[in-house]
Every structure is written in structure tokens, then in C-alpha cells.
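2 protein chains.
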Amino acid sequence: MKCRVCRGPAVIDLPRHNANFCVEHFLRLCRNQVAKAIEDFSMLSPGDRVLVAVSGGKDSLALWDLLVELGYRADGLYLGLGIGEYSDVSGTYARAFAEERNLTLQVLDLRDTYGYDVPTAAAATRRVPCSACGMSKRHLFDRAAIDGGYDVVATGHNLDDEAAVLYGNTLHWDLEHLARQYPVLPARPGFPKKVKPLVRLTEREMAAYCVLRGIDYQVEECPMAAGNTHLGYKAQLNALEATSPGTKAAFVLGFWDRMSPVVAGLRAAADEPPDATQRCVRCGAPTLAEACAFCRLVETSAAHAPVPVPTPRRRGRR
Amino acid sequence: MKCRVCRGPAVIDLPRHNANFCVEHFLRLCRNQVAKAIEDFSMLSPGDRVLVAVSGGKDSLALWDLLVELGYRADGLYLGLGIGEYSDVSGTYARAFAEERNLTLQVLDLRDTYGYDVPTAAAATRRVPCSACGMSKRHLFDRAAIDGGYDVVATGHNLDDEAAVLYGNTLHWDLEHLARQYPVLPARPGFPKKVKPLVRLTEREMAAYCVLRGIDYQVEECPMAAGNTHLGYKAQLNALEATSPGTKAAFVLGFWDRMSPVVAGLRAAADEPPDATQRCVRCGAPTLAEACAFCRLVETSAAHAPVPVPTPRRRGRR
Numbered sequence: 002m003k004c005r006v007c008r009g010p011a012v013i014d015l016p017r018h019n020a021n022f023c024v025e026h027f028l029r030l031c032r033n034q035v036a037k038a039i040e041d042f043s044m045l046s047p048g049d050r051v052l053v054a055v056s057g058g059k060d061s062l063a064l065w066d067l068l069v070e071l072g073y074r075a076d077g078l079y080l081g082l083g084i085g086e087y088s089d090v091s092g093t094y095a096r097a098f099a100e101e102r103n104l105t106l107q108v109l110d111l112r113d114t115y116g117y118d119v120p121t122a123a124a125a126t127r128r129v130p131c132s133a134c135g136m137s138k139r140h141l142f143d144r145a146a147i148d149g150g151y152d153v154v155a156t157g158h159n160l161d162d163e164a165a166v167l168y169g170n171t172l173h174w175d176l177e178h179l180a181r182q183y184p185v186l187p188a189r190p191g192f193p194k195k196v197k198p199l200v201r202l203t204e205r206e207m208a209a210y211c212v213l214r215g216i217d218y219q220v221e222e223c224p225m226a227a228g229n230t231h232l233g234y235k236a237q238l239n240a241l242e243a244t245s246p247g248t249k250a251a252f253v254l255g256f257w258d259r260m261s262p263v264v265a266g267l268r269a270a271a272d273e274p275p276d277a278t279q280r281c282v283r284c285g286a287p288t289l290a291e292a293c294a295f296c297r298l299v300e301t302s303a304a305h306a307p308v309p310v311p312t313p314r315r316r317g318r319r
Numbered sequence: 002m003k004c005r006v007c008r009g010p011a012v013i014d015l016p017r018h019n020a021n022f023c024v025e026h027f028l029r030l031c032r033n034q035v036a037k038a039i040e041d042f043s044m045l046s047p048g049d050r051v052l053v054a055v056s057g058g059k060d061s062l063a064l065w066d067l068l069v070e071l072g073y074r075a076d077g078l079y080l081g082l083g084i085g086e087y088s089d090v091s092g093t094y095a096r097a098f099a100e101e102r103n104l105t106l107q108v109l110d111l112r113d114t115y116g117y118d119v120p121t122a123a124a125a126t127r128r129v130p131c132s133a134c135g136m137s138k139r140h141l142f143d144r145a146a147i148d149g150g151y152d153v154v155a156t157g158h159n160l161d162d163e164a165a166v167l168y169g170n171t172l173h174w175d176l177e178h179l180a181r182q183y184p185v186l187p188a189r190p191g192f193p194k195k196v197k198p199l200v201r202l203t204e205r206e207m208a209a210y211c212v213l214r215g216i217d218y219q220v221e222e223c224p225m226a227a228g229n230t231h232l233g234y235k236a237q238l239n240a241l242e243a244t245s246p247g248t249k250a251a252f253v254l255g256f257w258d259r260m261s262p263v264v265a266g267l268r269a270a271a272d273e274p275p276d277a278t279q280r281c282v283r284c285g286a287p288t289l290a291e292a293c294a295f296c297r298l299v300e301t302s303a304a305h306a307p308v309p310v311p312t313p314r315r316r317g318r319r
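If you read the sequences in order, they're chains A and B. Residue numbers in the first sequence follow this note's numbering, run continuously in steps of one, and reach 319 at the last position. Residue numbers in the second sequence follow this note's numbering, run continuously in steps of one, and reach 319 at the last position.
No lab work stands behind these hints, which were simulated from the structure alone. Treat the hints with care, as some may be off.
Note: identical chains are not told apart, hence a pair may lie in one copy or across any two.
Claimed, not checked - Below, a list of computed lysine to any residue pairs in the SDA-like style, where the Cα atoms sit at most 20 Å apart:
#1 Lys138 to Ala124
#2 Lys235 to Pro246
#3 Lys194 to Met136
#4 Lys235 to His173
#5 Lys37 to Arg205
Keep in mind that this is a model prediction, so the values were computed, not measured.
So here's chain A without its partners, still in its complex pose (with noise of 0.2 Å):
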């Protein structure tokens, strides 16, 4: 197996690519990609200070490596979500990942903070956990981006995720998600501006990116998220993509592509704040309601008794 840009001894194959590569050459494709997924949807501009969402995942930990790398002033913000065991590990990989480069890791846990964590805001709610924590998880990055004067938030979510995502939203045809559903979000009243960098290259990619570059990462899967719908479709696209090399880009990459158009008008009536004029009495967060959506799940959670946490499993026993 040899590198397709340099002869030499290959380390992966791509069969989406229909190639293998070394370690220098995979390295130098995924910061290919990630530079071509920021021009080509204007994501970042040279200057610019740039938030990264870091869980201690590969993927943070890869998105937050390629930014340096790439040369973007990176800051990194870790959220202690409380998830037993998964999160104690999760901020040890991002705190040493920061430490060992020197970078600036902002670290913010709910309990401690606002007296909740996401498995007792999911029985609090009585939604499912990935609601909760995504609700909390938005909020408290946009807030940290507009408070520490960041001009955009960057997060890890990849080609797996983004296909996983809009597979989803396909089957349902839900609309208002199709139309929102892009890889650039631009800043509005009380929002920051928001990308995905990484939305070129797969889950199995950033694996082994952070493997080749030395970067250890939280490799357990959340357990609050085993067997939940996105998993579901995951593997429904991964069987696709078995079969045919390259179906997961073309999916995606072709919706922003072609469909996207289509749907811009739909885009940017959901890109409309409902009432920028209007702000949340605690927290002064754009909303509708009287109190953000944010300061209502606080208010619920604080209230509930904590709750325990699943054990977490390997990937793969599923």
C-alpha cells in the first residue's frame, strides 16, 4: 500500500478518495480540507479569534490542533456537563491537550456554575439528554464567544454528523431544519457567527488524525446518546457508503451545493431573529419569552435531585 502523492510506505486508505497516503500526506489532506470547507464558505478570515467548542472528543481536539496549525488565533472552551465518569476524562483530555501546546482553555462546569448537569436536566425535562445538553451546550458558547469578544465559534461536528443530521431531516422533510441545515451561521443580534470547519472529512479521518499526530482524546461514546436515532442513521450511511465510496460528501456536499439554493429563501427567513428587540430578564439573551430558554431549563434543573449517570460502553459493543 503505497502513498499516492509521494510512493511511499501508506498508513490509510480512503476509498472515497480511491487512495491511500502516508502520515505527512493524510496530515497535509486533512488540513487541505479543512482550509477548502473555510474558503469555500467564507468561514474564517485571517485575523479573526476564533472559540472552539471543545468536548475532549477527536473531534475538538483535531478541529482545535488544524486551526493552529492553519494559523488562527484559537481559544479553546471546555463545558463540564456532569456526565459522571464520560465528562471527568473528557476535560482531562482537553485541560492536557491546552497544557502540553499552550493554549488558552476557558473551562466552565454547569453544576458548579448554575447547580445543574445534563442527566438531571434531562429528568428534569423529561426530554431526551441530547436536547438538554444541546440546548445548554448553544447558549453557554454563544455567550462565552459574545462576552470574550470572539468573532466566531467553530465546532467539531464532521461528515459523519452533518450526514447523520441531514439524513434526518430528509426523511422527514422537515424544512425548517433542511433550510438552517449549512455549515456557516452568520452572526446576529446576540449570536456569533458559527462554522464547521471540519464538515470535509469523516469521523474516521479525525481519528486518525489525532492518533497520527499524538493527540489522545475521549474515545467512549456519551452514554446519555447510545442508541438514539443519529446513531441509527449512521450506520444506515456507513452501509451506504460500503458500498459506494464517496455516497456520504456527495450527499452532503451536493445538498449545500445544489440544494441549498433552493432553499435559501426558507434559510434566511430562519436565520430572522424573532424579536431582536426582546431579551431574557436573567441572562439578556435574545428570546421570545420572558426568561431564555436557557434560564428556564437552570431554573427547572437546579430544583431536581441530581440523578445517576449510565456506565459508559466501548465503542463497538453495540
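Starting from the structure of chain A, add chain B where the hints point.
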């Protein structure tokens, strides 16, 4: 297992309706679903003369039966495609169905009339058999309808067929085909109106309909289609449906309900005849070239030596 309607003994469970049905009420459900499709999409008017595209399989025979049951004047056209024993048996079922019910069935044999068959056309054009077959069928059904003064051609495409085609078009974001995928195509110069009244019913429901109505049909799959991408998509959709009953119907009907209006502009453009004034010098069909694609296929294929046909395989063996 009791019928949802009458609480009598049920013969079939329909997970997507979360209900079981007896013979009488299952057959009524099928008629109602066809009537609803016809009404929702303005497929047929009461006095219309309908030409049913009859293959001898469950879908086309059930369609013919349902249209007659619903009071429409429907004749059939069976094309002898020359796919060996598969075609011979299919033709026998089509003829028997018509004779037993005293219905009018036209029969047109490709080799007798045009000097070729589908396996030979596939070999001569070096394309997948479904390509030459589909093109031949579209041309000949169009022509028979125009020549016979029929108002509309009805085909037996069911929910699974539409779902698989939509799935493929969506995975590739093939906007041209997405814009054209609709259960009604209006008449335009040289082309009849075309409708798909079975789009609200599944393959399994159509097989059950035939069994319960005593309709004998070709149960083999076309030996030329074995292993094609379309069948792979059907398998993936069946896996989704098993996990989440109703997924296929939501995907297809949701597309027409919510996405079709978004791509309506594209559809209008796709429906435009390429050049309504230009006609094939041989057969008079609308075309962009001197001779239409069908007449060119006939010329290429009739000059080619006949090729053998694969042996039919039973469903479930693949």
C-alpha cells in the same frame, strides 16, 4: 388479531397504520388509498379512458383491478419484452387476468414488431438493461395512448418504488429528477398524461391485495434487474421502516407535500417539451434529434445478434 374496523378476525397487520384488518376492510382500505391518491393529485376524471401499463406482476394487475372496481374505463397494454421465460409467464398472467374479467388487453411484442428484445438492446447499447427497457416502455405506452385516444396512462409504481427512486435522487441531490418525481405528469404535445395511483400503497400491501382478490401474478423478479442499486435502496428503506413504521410514507408523501412546492419552478422547467415543433423523422414522436431515442435504439438493437437471458431467481434467494 382483530380487524380495526369490525373486530372480526384479521388477516393482515399494517404496522404503519398501527392496525390489523380483515379481508373486506383491507380491500376497502386499498380502494380508499387509491381513491385518495387520485383525488389528492387530480389524477383522473370520472369519464376518462385509462390505459394501464400491464406487466403481469402484482402491482399492475392490482392497479387495473382497483381502477375497474372504482368505476374507471381502463384497458391494458402488455409489452412482450423478450426476457425469456420471465416474459412468457408474465404475458400469460396478464392475458388470463383480462380474459377472466372480460377486459380489453392490447399486446405488443418488441421482437415481433420491432425486431429486438430487452436483453439484446442492453447488449447492443452496452448500458444496464433497465435503461433500454424503461425507455422502450415509456415510448410505446405514450404512443399507444396517443394513437388509441386514451386520456391518461396509469402505471403501477407503488410506495416502495417511489421511495427507492426518491432515496436515490436525494442521496445524489439530482435536482432535475427530483423536480420531475411527481405522481402526475400533465399531458403535453406528443405525450399523454401519466399517473401513479398506487403511490399510497406498499409492495407488501399489493401482494396481499392480489392474494385476497384471487389474482394470479408473476412472482419472480425480473432477472435483468437482480442486484441493481434500486433493490439495494429498497432494502435500506425496509430496514428504516422496520425500526420506525411509516418512514417510507412520510418520506414520499412528505416530499410531495412540502418539498415539491419548493422545487415547483424546477419541475415546470423540466416539463417543458424540449422543442415541441421538432418530430422524429421515423415515428413522429417529439425529439431533439432527427430520429428519436427509441427509433435509434430499434436501429441499433435490431442489427445485433440475440443474446441469452439469465434464469429468473425466486424472491428471497438474493
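Evaluation of the provided hints:
1. Lys138 to Ala124: within (17 Å within a copy, 58 Å between copies)
2. Lys235 to Pro246: For Lys235 and Pro246, both the intra-copy (14 Å) and inter-copy (19 Å) Cα distances are at most 20 Å.
3. Lys194 to Met136: Answer is within: at 17 Å inside a copy they meet the 20 Å cutoff, but 50 Å across does not.
4. Lys235 to His173: both (16 Å within a copy, 17 Å between copies)
5. Lys37 to Arg205: within (19 Å within a copy, 47 Å between copies)
Checked against the numbered hints given earlier, this structure breaks none of them.
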